[in-house]
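Student: Residue strings, one per chain:
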Amino acid sequence: MTSTPPPHGSFSVPPVPSLPSPSSSRPRHSIGSSFSLGPQSLVSSITEANLSGTSHVRPFALDPNSSILPTSPFCSSPRLPRRPKASTSRHPLANDTTDIFQDSVMEGDEDEEEYEFGMVDRMRLWRHDALMQHLYDTAAFWGDKIVSWTNDPNDAFWLAQTYFLTHQYSRAERLLTRPFPTTPAKPPPAVMPFVNGNNVLFPTVDAKGKGKEVPPALHPMTSAPSQSRLPLGGAAEMINVASDAQDNVSRLVDMSVACRYLAAQCQMRQGKWADATEMLGEANPFRGSGNSGPAIPNVDGGIKIEASMCHLRGLLMLKLNRGDQAKNCFMEALALDVKCYESFEQLISGEMMTPNEEWEFVQSLQYKQQTPADAEFVRLIYTSRLRKYKHSEEHALARRKLVHDYGLGDNPDVLYSFADALYTQFRWADCFTITSRILALVEIHAPTMPLHIACLYHLSHLHSKLFMLAHELVDKEPESPISWYAVGVWYLTAKKWSDARTYFSKTSLMDPRFAPAWIAFAHTFALEGEHDHAVTAYSTCARMFTGSHLPLMFVGMEHIVLSNHVLADEALFAANTMCDSDPLLKNEMGVMAYYHGNYEEAIVLFREALKLAQVTQSSEAAWATTYVNLGTCYRKLKKYPEAKASYEKVLQLDPRHVTALGFLGIVYQMMDKLDAAIVKYHECLSVDPINGQILELLNLALEANTYAGPQGAKGLPMGDDEWAKKMREHRKRSAAPERSVGSQNGEDEMNLG
Amino acid sequence: MAAVVVDAEIVVALRNAVRDCSERGLAAASKWASELLLSIPAAKRSPPIDGHVSIPGSSTIPQSPEQFAAQNAAGNMTRPCTSNVPRHEHAPPLRPPSPQTQAREAQLQAEDADSITIGKALMDNKEYSRAIHWLKNCKSAKATFLRVYSMHKASEKKAIKEWYKVDNTKQQPILPVNPELLSLLQLVRNSTDPWLLFLKALFLSRVSRREEAIESALLSIAGYPWNWAIWILLSECIDDGEELSALVPLLPLPSAHPLVQMFQIKTLNSLNNPSENELGLCDKLLHEDRFPGSLWIMSLRACVLYHLHDFGQAEAQFKKIWEIDPYRIDDIDIYSNILYVAENKIQLSKLAHEFIALDKDRPEVCCLVGNHYSLHAEHEKAIKYFKRATQLDRTYLSAWTLMGHEYVEVKNSHAAIEAYRKAVEVNRKDYRAWYGLGQAYELLSMHQYALYYYQHATALRPYDVRIWQAQGLCYEEMGRPREAIECLKRALIGADPSETTIHMRLAKLYHEQGEYAEAAGYHQHNIDVGRAAGSHVNDYARSSVYVARYHLLQGGGDLELAKDLMEEVASSNSEEVAQGTDLLKKIKVAIVAKQQHEVASGGQARGEHMAGQAQG
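Those sequence lines, one after another, are chains A and B. So the first sequence is numbered by my numbering: it starts at 1 and just counts up by one. So the second sequence is numbered by my numbering: it starts at 754 and just counts up by one.
In short, the hints are calculated from the structure, not lab data. Wrong hints could be hidden among the right ones.
Unchecked claim - The calculated lysine-lysine pairs, modelled on PhoX-like cross-linking and capped at a C-alpha distance of 20 angstroms, are:
(1) Lys725/A - Lys1242/B
(2) Lys1137/B - Lys918/B
(3) Lys1113/B - Lys1137/B
(4) Lys639/A - Lys673/A
(5) Lys726/A - Lys1242/B
(6) Lys1072/B - Lys1098/B
As the list claims (entries may be wrong) - Example chain A residues on the side facing chain B (calculated, C-beta under 8 angstroms, incomplete):
(7) Val687
(8) Ala724
(9) Met727
The beta-carbon is built from N, C-alpha and C at its ideal position, and this holds for glycine as well.
Starting from the given sequences, assemble the full structure and let the hints guide the process.
Tutor: Right, here's the structure in full:
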């Protein structure tokens, strides 16, 4: 383990700050400390570096557009000159990887191949291989030795990285934030000039340009370290140190964006929100500086560290409950680097943007500028993830291209897009087939799981499967919120509302950004008939997931149930401004129009809903209610044929639809088709025998039937005269046996007397 | 009407039908076809020598059996059709699947052959889910048929199980609910294969989309006419005789075709409404040239006779059937109905004992036994057997109806209504169930409902006096004498002229309306009938008193007639003697007064007298 050498009295500490710009020009964010941990210093230094451009040829460390790719393990370790490719001493896999990195990245470093392979370099190799093989303690051990020898910021960064990977966040943070000498303390034995061309992360930004200084070679065994590492300590200690700081001491976080990012990550993991905010800055500090912005591609083909920082800032904002700012951060991150999928994921699965907004945003990202070669693919794969209320052709096209042009027909994410499209069309069975396929390919696919569970919920014959799935998930992944969500949904299918609620709140506790659990939580109230609670719960959802119209729509639905028409209107209107292409929402708005007596308007809305739903055969059943609503509007407008057609449509979908049967009866009665009306009422009662209203309607119809005369409303099949003639014929033919017939009826008559 | 003569083509077609139906698990249709085949004289059945029609079923021939049927059917079509019913212009032509389709189907069937075998075997063993599983990957229409049909059977089985679970509870719906039907329908939505079209029609009719079901059925018949199952289905889709006559020209076959004729008779039988014409058709079908030995057609004929109330002949026909095939159980219930109506207890007992030994698990036999107990007034036992019959076959219409009757017997109107309702749900064409419903509701004093059901029964059977009468009584109970009178008058038209009950009721209604002349007219009729039948004065004394009183006091004016009537009553020993004597005195006084008045104002009085007589 790292052993920090005791502070030595004789060493000279360079003054802090050692930054080229005057300290007065830096805005101070932290009042309590004389140090600003904020990133502004970095920005100013990068500006400085860019402006001066004299002593630093490649100020990558301060370039937020770069990634940490150039400092990746294999890059920063020197290569053995003319090392055979298939070295038996190394694992073939590692060998390959190394070669790739070296060949691709180190092309420009041919001139430095004459380096001898020193002790430090060998240890660097150990360190990196140990990291790759997850031998973190090994890596930390050797890495620590390297840092002690070299005081190379690059090596310190990798040591911090190693700590981070072993979850030793505070240790990593200290390493990154403590004063760090910018000059190498003591060269390791037999080390050749080690400030090689690979050292791009730390271009040694000290003002005096000591970077290229090569200290005299000393034997490690014989000489004590002339300049040891600066002591680690808290802020107070640092101030003490700073008081007699020398010119050549700085902090790693001030020297490199990557270090700052790593430090912020460490602080995040430790829950130090305020520190992390300070580390990252409230807003993107690079914004507006010369070479930052969405249009500028990053220099090395990796992911812009600026974007990563923005993303981390977004996560931080979420932790601080500043949703709007979080959204902006994520959008910025994604705009800065389209490859930053995590920001995309946060934006999309966190329902942060309204459907239109997200469509516009994702389409307008600078794919071409940032990744000229892969622009189309990135755009397509992102497009396929968006919500599918609108632009269905574009969505279909994107999916087709992904399948045919890119051969991703069996990729879970592409399959997910298909499943999502089907789910939006209420084709649960089809959707379920695809989600099953996805889960057969990969056991866990985060976006698919809620969809899969929802399908299981909707398809009643699969409830036992849901039970199995929930059990399996809880067994395998008790730490994952989705497992408990599945349990909750199962209780929902079993109509055990309070149990379901318990599990949904457990899910939201585990992951507060998991939208389905919040909505389902509110659903339990709604289903139980606790409409006020439901409204509250839905409102919470609406606050948390500002991009989704669904919570607002559900609020509206609850208000409709509660007959709060004004509030319902408000909620539905708000939902509609967020998403004007959800058929369900149109249906609800139609219902409101109906309640306001605007039947014409309601008809338009219901028709729109059906059109938007792109009703297909297999999804039709889900829209039966809308057809009923439509029919009822027609009925109110006395357009009976249309109303009849509408109700008949419902009955085609569900021959035992009580409401439609009853309403169809009413329509028949209105059309003076008493007989048909009575038949329909009968059918209705055969499904629901104790429906009071239908019974009353039936009695009314029967009474009307009484007044209509002996043969009911429809009369005899033929004319009266014709009938009389036939009746006489009948009498003649069957005169004799008629008396004796009785059959079963005859005997009944006697009994009935 | 030129009847189509049974020739080799029909023989081949029947033979194919036997095989095709049984290969698809349509047991009843297969049985029907083989019975019919057997009824053709053996000489005709032997394979033809000219080689034009090859032997069906032999594996060497390249043609598929469907092709045979198609050729035969086409042959029937091309023959000059001398039917008396013109074909409708929109009737689908007889159109067997095209040769390409058939060739492809044959090839697919050959590929699927082994799967089809296992599927059929599993289906025969009622392992439907397994059959579905093993037929899953088959492409041929036949395999698809077996698969979808198995799915249907499996879901039906499940639905019925669910239904019986809630038996005797309020939650039990009238029909078992099969939630799979719509998805099954989706599976065969776009098919063109006649067998799959049959399934489509079946599912459509089950979700009460009757028009579409009929359309599919017609298309299926056009593709394969000799599948009797589709004809039965079509017959179930028809609501009344008029629809039938509208449908016949739409059939892809000429109306003289034996299939159409059989369909017609069968349908009218199920409508309870066959006529002499159908009897004639039966006789034609039983002609030497056609199906002389067909028990099925004979049985059909017996049913026609039964519905025509010609019980003697019907019984004779049934006896003939059992002479030929003593173990035939089909239609035994009809025979037992005849015996029941004839109150032939001994014969019914004998029959019941014979057949219960033969097979007690046939619904028809249960029904027979139920009838037997009913005739012995053991209603509880009868109910038990009818219930058993319905459990064996849920769609067994007459068992439901008879069960309703038995429940009425034991005054359990609610149970009766339940039973009748189930009967009506099985088949909306049975007037007896509707009539029973009316009676049960009348027992519950729910006259509006009763009236509605009577009207339904009347619509199905417009010439039934009893239903008109019941309807009249209903109106009377509801305090609507006008309608009551109308109904009773209608009943009167069809009634026996010597009938008196209706007349008396009409008289009473008219009397309550204050229309005495009308009332007196009906009473007079009663008197006339009584006198004509030579019955005793006592039987019509009340009518006599009424008529006399009418002529004396309510403006009739025919005092002589009144006097004659009252003299007769006064001299009798009826209850009305006192009234009669009293009236007689008054009449005599009135006559005297009138004579005096006549003397005073000659012809005028005579004129009045004439008018009074005319009115009377």
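Student: Are the hints correct? Go through all of them and say.
Tutor: Checked hints:
1. Lys725/A - Lys1242/B: With Cα atoms ~14 angstroms apart, Lys725/A and Lys1242/B stay inside 20 angstroms; holds.
2. Lys1137/B - Lys918/B: Holds: Lys1137/B and Lys918/B sit about 19 angstroms apart, inside 20 angstroms.
3. Lys1113/B - Lys1137/B: Judged against 20 angstroms, a Cα distance of about 13 angstroms means the pair holds.
4. Lys639/A - Lys673/A: 15 angstroms, holds
5. Lys726/A - Lys1242/B: Holds. Lys726/A to Lys1242/B sits at ~15 angstroms (cutoff 20 angstroms).
6. Lys1072/B - Lys1098/B: Distance ~17 angstroms between Lys1072/B and Lys1098/B Cα, so the pair holds.
7. Val687: Holds - the Cβ of Val687/A comes within 8 angstroms of chain B, reaching about 7 angstroms at its closest.
8. Ala724: 6 angstroms, holds
9. Met727: 4 angstroms, holds
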